[in-house]
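Protein chains: 4
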Amino acid sequence: MKRRSIPPAMLLFAGAVTLTRPIVLAADDVLTRVAAHAERFGALSRQIWENPELGYHEDRSSGLLQQELRVNGFTVKDHLAGAPTAFTAEWGSGKPIIGIMGEFDALPGLSQQDIPTPSPVKKGAPGHACGHNLLGSASALAAVAIKEEMQARGLKGTIRYYGTPAEEGGGGKIYMIHAGLFADADAVLGWHPGDSNRVNLGSNLANNGGLFRFYGVASHAAAGPERGRSALDGVMIMLNAVEMLREHVPQETRMHYIITNGGAAPNVVPAFAEVNLIARHPDMDTLNAVWERIMKCAQAGALASETRMEFEQGTNYTSILPNDVLTDVLSRAMQKAGGYQFSADERQFAAELQKTLGASVEERPGPDKLITDKSTPQGVASSDAGDVSWNVPLGHFTTATFAPGVGAHTWQAAACAGSAIGRKGMVVAARTLALGAIDLFEHPDEVQAARAAFEKRKAGRTWKTRVPPNGKPPLDYAMRGQSDKS
Amino acid sequence: MKRRSIPPAMLLFAGAVTLTRPIVLAADDVLTRVAAHAERFGALSRQIWENPELGYHEDRSSGLLQQELRVNGFTVKDHLAGAPTAFTAEWGSGKPIIGIMGEFDALPGLSQQDIPTPSPVKKGAPGHACGHNLLGSASALAAVAIKEEMQARGLKGTIRYYGTPAEEGGGGKIYMIHAGLFADADAVLGWHPGDSNRVNLGSNLANNGGLFRFYGVASHAAAGPERGRSALDGVMIMLNAVEMLREHVPQETRMHYIITNGGAAPNVVPAFAEVNLIARHPDMDTLNAVWERIMKCAQAGALASETRMEFEQGTNYTSILPNDVLTDVLSRAMQKAGGYQFSADERQFAAELQKTLGASVEERPGPDKLITDKSTPQGVASSDAGDVSWNVPLGHFTTATFAPGVGAHTWQAAACAGSAIGRKGMVVAARTLALGAIDLFEHPDEVQAARAAFEKRKAGRTWKTRVPPNGKPPLDYAMRGQSDKS
Amino acid sequence: MKRRSIPPAMLLFAGAVTLTRPIVLAADDVLTRVAAHAERFGALSRQIWENPELGYHEDRSSGLLQQELRVNGFTVKDHLAGAPTAFTAEWGSGKPIIGIMGEFDALPGLSQQDIPTPSPVKKGAPGHACGHNLLGSASALAAVAIKEEMQARGLKGTIRYYGTPAEEGGGGKIYMIHAGLFADADAVLGWHPGDSNRVNLGSNLANNGGLFRFYGVASHAAAGPERGRSALDGVMIMLNAVEMLREHVPQETRMHYIITNGGAAPNVVPAFAEVNLIARHPDMDTLNAVWERIMKCAQAGALASETRMEFEQGTNYTSILPNDVLTDVLSRAMQKAGGYQFSADERQFAAELQKTLGASVEERPGPDKLITDKSTPQGVASSDAGDVSWNVPLGHFTTATFAPGVGAHTWQAAACAGSAIGRKGMVVAARTLALGAIDLFEHPDEVQAARAAFEKRKAGRTWKTRVPPNGKPPLDYAMRGQSDKS
Amino acid sequence: MKRRSIPPAMLLFAGAVTLTRPIVLAADDVLTRVAAHAERFGALSRQIWENPELGYHEDRSSGLLQQELRVNGFTVKDHLAGAPTAFTAEWGSGKPIIGIMGEFDALPGLSQQDIPTPSPVKKGAPGHACGHNLLGSASALAAVAIKEEMQARGLKGTIRYYGTPAEEGGGGKIYMIHAGLFADADAVLGWHPGDSNRVNLGSNLANNGGLFRFYGVASHAAAGPERGRSALDGVMIMLNAVEMLREHVPQETRMHYIITNGGAAPNVVPAFAEVNLIARHPDMDTLNAVWERIMKCAQAGALASETRMEFEQGTNYTSILPNDVLTDVLSRAMQKAGGYQFSADERQFAAELQKTLGASVEERPGPDKLITDKSTPQGVASSDAGDVSWNVPLGHFTTATFAPGVGAHTWQAAACAGSAIGRKGMVVAARTLALGAIDLFEHPDEVQAARAAFEKRKAGRTWKTRVPPNGKPPLDYAMRGQSDKS
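Chains as they are written, first to last, in our numbering: chain X, -16 to 469; chain W, -16 to 469; chain H, -16 to 469; chain C, -16 to 469.
In isolation and in its complexed conformation, chain X is listed as follows (with noise of 0.2 Å):
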């Protein structure tokens, strides 16, 4: 009976993923075992929306989902890496040990209610407008589903969720990695919410950003101008300077800014000021490069000034390092699982959000379509998981949460992450995860290939970051402005 609700899989196979067996059957009784628990997990992901709670704040979030597992017989270790929040939940032992990922912070500002034309909850206040309300808990649905599966049929290893808090620039999954937690993992699944249902080889943006922070010397504005040092002055000349080197810098190079304190009065020279400035580019050795002349403009804006410059070390997350062989897996997996119909009032939901995007939308792909190929699309976003790439074998999908067209980090994501939409695009994530899992568990020669695919892509790197092995999360970072990641 449950079955008839679930969507069927497109036939429709897009894209050139060459399918080097064929999909084991077996696998429809996860897909069952999702199907038991959908409701009480959209539910879960509901009760969050209603609650958004920013970066290393997520202290009720985190809680219903440790609460969720802890019920459905997981062992969970919480306040982790230095992290209220942080948390990781295991169920079965010994290898493989196979992880999957759920984050459950909100954004600043991004308050919305579930209906389509701008109106917060409450103004100015958080929301969550990049899904992972759904994020957190399709991936705890798909753990418990993955280990009922794994218990039924005496499948062998460990499933574990992780709970990653402040991906919103607060970079949760970095400390969890300095604190060894991915160290044992042998594959790690992911997805995130989107506007359609796809697996490929893309990647995203590796970033860093920080403050910048200049000290001058305050004076009168207009009785003693040549006793001041401006820290505005030390801001601008940096700007200018950014400004000029963007001829210089690969094409696909981002660096964006704002001024976040520019003066305290008119009438007196400004003796702070400060810039929350972001770089990005798709390999991190060479934002790297492009980062040292971005310094270089900071100090060249204090030398010129007669400032002193400080810089404060913010978002730093790595790009997405592919994995051939769990895009393969998920690929499969996600044809297995099928996308999903729009109800009328669904259709009519998303309709109306569409009016209120800038461009035409006609051509966007519909949730029943299901896009995986071997593509290497660039992604414009930053996120954490670039960061567990580079430790672990990661596959990454997005699924159709948001109506055709609807970007993250807008009202309109935030309506569509509280609404019906929202929660089927989650169930296709929990399917698509549990299926992909379970292939895992079985075939231990797959986990080993992700393994092998993952030593190849690196090809001798290592992964790098400027976040300091020993260093505390910057628990209030989400309360001071600061910069966050996509």
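Derived by calculation from the structure, the hints in this document are not laboratory data.
It is possible that some hints are incorrect.
Because identical chains cannot be distinguished in the list, a pair is counted as satisfied if it fits within a single copy or across any two copies.
[Unchecked claim] Okay, derived cross-link-like pairs now, SDA-like style, lysine to any residue, Cα gap no bigger than 20 Å in a straight line:
no., residue 1, residue 2
1, Lys279, Glu209
2, Lys338, Arg210
3, Lys338, Ala201
4, Lys279, Glu293
5, Lys338, Ser202
6, Lys447, Thr269
7, Lys106, Ala201
8, Lys439, Val375
9, Lys279, Glu22
10, Lys78, Lys105
11, Lys447, Asn271
12, Lys139, Ala334
13, Lys106, Glu346
14, Lys441, Arg23
15, Lys279, Tyr198
Because the structure is a prediction, the values reported are computed rather than measured.
Chains W, H and C: place on chain X using the hints.
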């Protein structure tokens, strides 16, 4: 008896003022009257100091002054010119009408105890760092003494106290001018707290300022920077142009600014950015010509960045038009009024404050010195008293309410304004005002001469202001972090 | 016998061009004819190389080509389109009219001997660093061979040589288009010297440029800077704004400039300053939109500095509209024409040149490789051949006239253009052109198909240029240090 | 008889110079001698005016002056201090040694006929727009008259003419100081053409300047901008920073610049760019402090753009140290010397020139006025006479060689310098110099007093220059478009 406590007038007559007639000894009576009320009004100044209120929100300060003047027989009109705290208090009738101005607003963020170490009463709270608690109180003290003297001697005319709110950027006096409250006045006397006792023909700086708001188009700074139009670019193009303008304006010009909004998030092309800029020059016409060019810089910023610029008028104060006759009157009055000596405690207090000043202050004259001359020093601050001076003959001076070397708008000034030093300097001011006003009531020809001197200095020019005649005072300006004046 | 000296066609057919019909063997005859004239035209190319002439001043170079074509029975029309060195040379009559384009202008300052070390013939003098000495000569060689082949086989139609001057920034072809000289052509073939033999569907960059002249008011910079209006300020405000624009245009955009006049004397406020700026983008419509914004930056510079700005239109080249059918024709022709092998001396020469290049060039294909495919590489240069391609079906390719890795506009290219390598590559070009043109004369349906493909690619868009239809060519542009094109 | 032709001394003694002793009537003799030679030296000034020569290339001008002085019995030493056109001419022996300075270099690009409309003799050629043709000739005329008077009266001591080349930026006097040529002088007198006759205690501006050269890495601006490092970016970052510096230096500071090289071709990332910048301030120590900050701006430009910056020292002139005693001597001398009246033609000529000046000049004093006082006007030009004044007591004045209102370095000044007006003003100068020098020879105590006044003004400070003591004069500076001084 009481007269003993009055500091003797300085014998040394500094400067080059030519006394055209002997000082009228009968005026001594008004000094006795000042002395009789000095302690009560000193306590009033302390009360206002303990409850510092920002511009247009000086409800309690204004109320206390009104009450004291009412009690002393003045007729008070309040809620004038659209400002709840603007008032006049009159006694007598007919011509001449001699005005005495009082201010009572505090400065944001300059809370300070009456001790010689930086120590706010409440961090971030307002404070009387410009000594307006003394200003309003001394003027009221003088008004009461003058009224008593007029009454005793049957002098003809009207003494009018102007309770002028929001001098620190709100331009209260300008709205009172627009409301016609200075139209029938024959002469107005004013003073300002300072670090020495001085009467001269100096002026200050005309100023003009406001908020330049740039409106662009937001876009994800990594995913679609080419779809965004950066309001911060508009700001930076404007400000780069303003910097280049510096070479090509008269060297006495001042242009200073802060960036009050430099974008919301580093990963979003800023849709809004804002500059608060003030320009100044000794001459308003020159300043107006410079201002047109600043406006072009702002328009250029919008043009080049494809953003929209809106300007919100802020501060606009004319520089003081000195009055040769009233300067003579006040010079004589101050020489008669005399300065004061520090007590041992006060000397100690002043010395400790001076230690906190960067530069040497040894050579600054003490409170016993009376520096009355016809010099034309160029002040570096701005005040809406300048606007009054273009509408009615204005006489103006400073007294030593701050320790020598202490400048306005500092914690040191706030400390002095609450101390015995401040109250002693306030009495010098009240004595000078009282002697000056009585002199004018006694000598109608002097009032006429002051008018003639006024017309001569104006030389056919008329007062202009950017504050619209029908405008409502910006009652909340001080809460918006907008410009203050000095 | 002669055929032995002809390099054999490469058997390896690189890429994915689909051959729809077998290569016509009779075309071999035209290769014999090319070979018969190759030495003489090679000597002609050397003669032009030894006397490098700048755009619109190629009197001797143009004359030599005209003479050779006249001698071979072509009817020459010279002094066309207002340009003394523009000409056409025709043979035959009626349709189809197949054009072959030849250029012959040199580049300023790139004088170089035919040796692998940087050594100008005359320092600062022009040089053939773009290989146009080969370009014009190979095209003429092909035209002669084609004429002979048409004559021999009685092929119907007209072969027309376009002698197009001043490609390096002067836009000779655009004036020839305006003069109607391309209006009746059915197809045009062209080529360009390069470091490899390639036919594909690639395009290049549309460009637009010119001189931004700012006029201010001079004044003694120490005695009266406030009376001056700095034209250099106008330039700097404009350029600062252009730098900020970089973030907000498509990343493939290029904007580059020099300051051609930055003031006359350091003690005088500059009354004149000038910028030479070129912008580029693969798509002319996108470029035009960007250009409007550059113009706003310039206007903003004038507005903010109170100077006047005048723009003088310079370079404006459209990007190439590829022709699918002519690409097929030329791919087949090049495969038939074949590449060539370096002799031992040439290999040595090439190797020494390559050592002077910064980057590794090991992986670049040699002159024996023929890379014909349907790829769409994005070229990074610009040419007025692009404008031709929007008016008539244009087929285009490169041959290996430069050592692998050598780029145009370098002393290394100038050295190759005068060497045996250059002349061998020139013969590959002539063979390809000759085979292609004969193919078209033999197959009128192909000419029709080329026209259809042309219309399809245009998709209703029409050619637009900023060069006015009635304008006179800027005959002295190359003497004024103005923009060159690539 | 001759005395009739001498303009009568002005009776009106303007200003506040206190005459400590009566004017010695015998000095009239020297005026007779001046008159005797005036016509010949006037013709000499015209000869130099007709052959304007740039700094260090005044071969003919210097030669003519040397010849005239030799003929009159002076001993000439030429080719001094490494400069072919520097010389001294002496007569007499022993102490005191009184110097008189003469300049004779022209300004580039200021060729002008002796008519009141802008009309170069030869467009772009040099011209005597600073009147140095008069300067050198009047000083020589005075020297000859002084020698005759000394001879006639048996006055002890040495009269020495300093032929100082390249005042317009080449700093000839500084090299002559370094060569020890001023070491034994007791006092030096100098003058400069102007629009009025003035002696006072004024000074001028110290200056410092030079070339900031930036070296980057060239790259094709469309094909590989990211491989280039733009030298022009270095320049613009530096200059943007200099613009911001303006707010934070004393308002009397001047900083002005041109971009002498802004890149070679718009399609190449500039590998070289150059700024010529001069800064000035009345006080050399203040200027030196500002200069360090300008240097930081330049270093910041290099740092931020990853280019290399080299600085080549140019102009460095100290401001004049006034000498109170020599000012007295020259005031008396000028009052004795007298001014002159315009003839009807000269008045007409002056009036037509004045019409070409923007501002009203009605109130400027005419050539009959003698303005001798102890005022301290702040001059806005710079001169290497300033450096002399720090090494030996220097007396300095101007005479009315230009029509009232005409400033130096204009075509109007060049016209006057070749006209009768110029020659009349030149005679006033020669008379003043002659009277002054004879006064000093007659009164050795005055020479001693001048030395004492010199030491008092120096107040322990010593002359410093950035021109190295062993350096060779920059003989070709004027051909390189480098800085000129004024």
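Exercise. Quick one: Lys78 to Lys105, C-alpha cut-off 20 Å, is that within a copy, between copies, both, or neither?
Worked result: Neither way: Lys78 and Lys105 sit 47 Å apart in one copy and 61 Å across, limit 20 Å.
For this session: At 20 Å max between alpha carbons, let me know whether Lys279 reaches Tyr198 within a copy, between copies, both or neither.
Result: both (17 Å within a copy, 17 Å between copies)
For this session: Using 20 Å as the alpha carbon limit, work out where Lys338 and Ala201 are close: within a copy, between copies, both or neither.
Result: Result: close only across copies, 18 Å inter versus 50 Å intra.
For this session: Measure nothing new, just compare the shortest in-copy and cross-copy C-alpha distances for Lys139 and Ala334 to 20 Å and report within, between, both or neither.
Result: neither (46 Å within a copy, 60 Å between copies)
Problem set entry | Homo-oligomer pair classification [Arg210, Lys338; C-alpha up to 20 Å] | between (56 Å within a copy, 18 Å between copies)
Exercise. Is it within, between, both or neither when you check Lys439 against Val375 at 20 Å Cα-Cα?
Worked result: Close inside one copy (13 Å), not across copies (49 Å); limit 20 Å.
Problem set entry | Up to 20 Å CA-CA - Glu22 versus Lys279, copy category | neither (54 Å within a copy, 56 Å between copies)
Exercise. Quick one: Lys106 to Glu346, C-alpha cut-off 20 Å, is that within a copy, between copies, both, or neither?
Worked result: Neither, since 33 Å and 57 Å both go past 20 Å.
Exercise. Between copies, within a copy, both or neither: which fits Lys338 and Ser202 at Cα up to 20 Å?
Worked result: between (52 Å within a copy, 18 Å between copies)
Exercise. For Lys447 vs Thr269, is the C-alpha pair at or below 20 Å within one copy, between two copies, both, or neither?
Worked result: Result: close within a single copy only, 13 Å intra versus 39 Å inter.
Exercise. Under a CA distance limit of 20 Å, which applies to Lys106 and Ala201: within one copy, between copies, both, or neither?
Worked result: Cα proximity of Lys106 and Ala201: across copies only (18 Å, versus 36 Å in one copy).
For this session: Please work out whether the CA atoms of Lys279 and Glu209 approach to 20 Å or closer within one copy, between two copies, in both situations, or in neither?
Result: Classified as between; 16 Å across copies, 26 Å inside a copy.
The structure fails hints 9, 10, 12, 13 and 14 (numbered hints given earlier, in ascending order).
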